[in-house]
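Participant: Sequence:
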Amino acid sequence: LGDLVEIGVDLETMGIYDDIGDYTDIALTFSIDDNEEWEEIGRESVHLYPQGEEKATVFERKAQSGDEVIVDNEYATVTVVGYETNEDGDFSVKMFIVNKTDENMSVEIHDETVNDFMINTYLDVELPAGMSGYGALTWYSYDLEDNHIDAVEEVEFSLFAKNEDYHSFFETGPITLKP
1 LGDLVEIGVD LETMGIYDDI GDYTDIALTF SIDDNEEWEE IGRESVHLYP QGEEKATVFE
61 RKAQSGDEVI VDNEYATVTV VGYETNEDGD FSVKMFIVNK TDENMSVEIH DETVNDFMIN
121 TYLDVELPAG MSGYGALTWY SYDLEDNHID AVEEVEFSLF AKNEDYHSFF ETGPITLKP
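Letter by letter, the sequence shown follows residues 1 to 179 of this note's numbering.
With beta-carbon atoms standing in for the labels, derived distance ranges: (1) Tyr142 with Glu36: 30 to 36 Å; (2) Asp165 with Met131: 17 to 23 Å; (3) Ser65 with Ala151: 22 to 28 Å; (4) Glu60 with Glu153: 32 to 38 Å; (5) Asp102 with Ser65: 31 to 37 Å.
No wet-lab data here; the hints were simulated from the structure. Here the structure is a predicted model, which means the values were calculated and not measured. Backbone N, C-alpha and C define an ideal beta-carbon position, used for all residues, glycine too.
Make a model of the complete structure from these sequences and hints.
Facilitator: Okay, here's the thing in structure tokens:
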């Protein structure tokens, strides 16, 4: 990651919204899929330890003012950590997700609206067992403009989490946020 940051890829572009300190354990997961059969052929994870495996630590995000916990159950904690409108006019809801299970988890979004207009966006955060990560819902400026939305006053969506066998961990009802 150090080389990526040095050559101009900032952490926020990589989906990391907080200062996470030193990089001591970088996990990479590779998945090979058969697109014709819609089936995963293989998956392998490797860890890189820039400072040596004995110095590896686990990142724990501390709650900050402005955080909004939108899911906290036996399976996961999902926290909204901020909102952003970028220079292109795209609007994002930034999230930090903790997988509390001993299984890999995928978190997705359904039924998303902005100011009561159904506007599709995408969220598919995959988290290994017991791990955490960042994700963002982003509505593009052209979709907002097409629906005559100058300011985002309210977003609503449902979250759905499942394991690799498509067994549901949880599905929320509508979650309403007022940025």
